[in-house]
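Chains A and B, in that order, are what the protein sequence lines are.
All letters in the first sequence, in the order written, are residues 2 to 426 by the working numbering.
All letters in the second sequence, in the order written, are residues -17 to 171 by the working numbering.
Keep in mind that a hint or two might mislead.
Restraint-style ranges between C-beta atoms, simulated for each label pair [unchecked claim]: (1) B:V153 / A:R66: 57 to 65 Å; (2) A:R152 / B:A22: 49 to 57 Å; (3) A:T281 / B:L(-7): 21 to 29 Å; (4) B:L(-7) / A:H364: 19 to 27 Å; (5) A:T135 / B:W111: 27 to 35 Å; (6) B:A43 / A:L375: 51 to 59 Å; (7) B:A123 / A:L47: 15 to 23 Å.
With a straight-line cut-off of 20 Å between C-alpha atoms, the simulated EDC-like cross-links for lysine to aspartate or glutamate are [said to hold, decoys possible]: (8) A:K107 / B:D25; (9) A:K403 / A:E362; (10) A:K403 / A:E305; (11) A:K403 / A:E385; (12) A:K189 / A:E225; (13) A:K313 / B:E107.
No wet-lab data here; the hints were simulated from the structure.
On a predicted model such as this, the values are computed, not experimentally measured, just so you know.
Glycine residues also receive a C-beta, built at the ideal position from the N, C-alpha and C atoms.
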Amino acid sequence: MSWAPTGRLLAYPWLIAGLLLAALAAGRPELAAAAAPLAAVLLAGLLGARRPGVPEVRLAASESRVVEGDRLDVTVEVAIPPEVESLEVGLALPPGAELVDADNPKVVTRAAGERQRLSFAVRHRRWGAYPLGTVHLRAFDGFRMRRFEARLGSETVIRAYPRPEQLRTLIRPAHTHLYAGNRVAARKGEGVEFADIRPHAPGDQLRSVNWRASARRGGLWVNERHPERNVDVVLLLDTFTQAGPNQASTLEQMVRGASSLASAWLRERDRVGVIDFGGTLRWLEVGGGLRHAYRLIDALLDTEVVFSYAWKGIEVIPIRLLPPHALIVGLTPLLDRRFLTALLDLSGRGLDVAVVELPVESHLAAPRSPAAALARRMWRLERETVRARLLEAGVGIASWAKGEPLEPVVAEVEAWRRRARLRVR
Amino acid sequence: MAPSRSAARSLIPALLAVALSAVLVIAILLRAVAVAAVPALVDAAVGVGVAGLLVIAGAVATARTAAIGWGVALLAAAYAACVVGRGAPVDVLAPLVGLLLVLVAELSHTACEWRGPHATDVAVERRRWARLTLTAAAGAAAGAGALALATAVPGSVLGLVVGATALVGLVGLAAWLRGGAAGPVQPVP
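From just these sequences and the hints, can you work out the full model?
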């Protein structure tokens, strides 16, 4: 352990030297005698303790994945070196993590055992990947003349997931996939939901005969049903730019929303993929199941805005990332024209697109002059135009204000899409 | 980080330190006034002593450990001025003054530490204080012995040489400790 003198060790030699100097200068032995107790303590402190070695420390967490705001127990197991009587053990946490109801640092003594285990309750305020923390060890010699310190880190990373919002409504895709799922498909086939009746054909099962209809119409009529299928959903995240401070930015809100939507769709046995479309292109192909859910949220935690001047269109997105008949849900603050163009291009190519807009006005300061107020009005009008263009292109869009639940936003998009489908029919 | 000791508990050593400083200043005043050979020095001693008392009180009130050394130094300077101002009679209570200086310094440091993010075990602290008091008392006893010897054999060259050597050694030690041999002080987590 490294050592440093305490205030005592720095002050005592000067005090004693001053008294000795005064004694020698004035020829008064009393002053040297007054320095004797100080000298005795200094000598005992200097000669009394050996420098301890670095203690063996094990740092572990009860979970490697938590939901933001949930409690996590971090255990520090420490072997106390024989040179010290007691050891202060402190846990330094990364920004965003905090201790819950715990003394920090804590003290362990050799009298209670050579190897001891301490527990710290930790909470992560916000989603993200956090290092577990650093253990700070501090000990003093018997006279507190010297302080011994060591810092030991851990490579363990704790992943704090965004707390998912409760979503009972989800955007209903225009097309279903071939795999079995929880969604009633538009086409007819084997399933539970009644669709229609038709005349019996060779090969139809006897149990599908609708006896009431057959009795009324004469001849055999059979029931047709809608099969239950799943859907493919691709979350397209606008990582060109963000608005607001890091802890409360549109990016933060975007990840939170994407995580909630992905969790809800995956619960419904749908397949979900994610594309970070910004300065750099990152993706995770569509997939389903618990393992994919973890992979997807881990990928979302690494989402970041990478600034770039380069013009990017949807041609940079590998084609396999956009499966046929997939629903594409864009999450965007509508600040970058490249993302808007990409959405319109996707819609123009016949893909089913919906957008959750992350409003940025709450991040802006109030205009201070008439000119600024006019500029703000024009900016608002421009955004209205962008929304109108998207709606005109058949892209449902709803605005998700910060702090509001996501459910009504999803319901609004779904309602617009339903109305649009009826109009088309 | 939350301090492991309440601010109320740190009041005990703080008040004790201030009280002992006050006792020291009053003792200096009483002893100097009784036999004053150089009245100006006695006045200076009292003034410096009061200044030391105020510095100690300020240090423990604001938890500034760096000021404790200055406070104790002022108290020691006050005592030195008192001794010189008293004139001829040898002050046999000098080792006791040294003991008081140690206690004032340690109590002040303890008060500051308990206000900060330090965690200490009560049993360990008790043992430390026992060890410290015994060592300081042993030092005071040795000082009393040396004082008696110096009184019996006045003007000893050996005492002068030992004193000068110790002085040089102490200044060297202090310079070494200040000079970075100890390394930077790590911030508290």
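Right, here's what the structure says about each hint:
For V153 (chain B) and R66 (chain A), the Cβ-Cβ distance of about 59 Å falls inside the hinted range of 57 to 65 Å, so the restraint holds. For R152 (chain A) and A22 (chain B), the Cβ-Cβ distance of about 54 Å falls inside the hinted range of 49 to 57 Å, so the restraint holds. Checked against the hint of 21 to 29 Å, the C-beta distance between T281 (chain A) and L(-7) (chain B) comes to roughly 58 Å, which is inconsistent with it. Separated by about 47 Å at the C-beta atoms, L(-7) (chain B) and H364 (chain A) break the suggested range of 19 to 27 Å.
Here the CB-CB span from T135 (chain A) to W111 (chain B) is close to 32 Å, well matched to the stated 27 to 35 Å. The hinted range of 51 to 59 Å is satisfied by A43 (chain B) and L375 (chain A), whose Cβ atoms lie roughly 57 Å apart. Roughly 20 Å separates the CB atoms of A123 (chain B) and L47 (chain A), a value that falls within the hinted 15 to 23 Å. Distance check on the hinted pair: K107 (chain A) and D25 (chain B) sit about 48 Å apart at the alpha-carbon level, beyond 20 Å; violated.
Of the supplied pair hints, the one linking K403 (chain A) and E362 (chain A) holds, its CA atoms being roughly 10 Å apart against a limit of 20 Å. Taking the CA atoms of K403 (chain A) and E305 (chain A), the gap is near 19 Å; set against the 20 Å cutoff, the hint holds. For the suggested pair K403 (chain A) and E385 (chain A), the alpha carbons sit about 19 Å apart, so the restraint of at most 20 Å is met. For the suggested pair K189 (chain A) and E225 (chain A), the alpha carbons sit about 6 Å apart, so the restraint of at most 20 Å is met.
For a cut-off of 20 Å, the pair hint linking K313 (chain A) to E107 (chain B) is broken: about 67 Å separates their Cα positions.
Checked against the numbered hints above, the structure breaks hints 3, 4, 8 and 13 and satisfies the rest.
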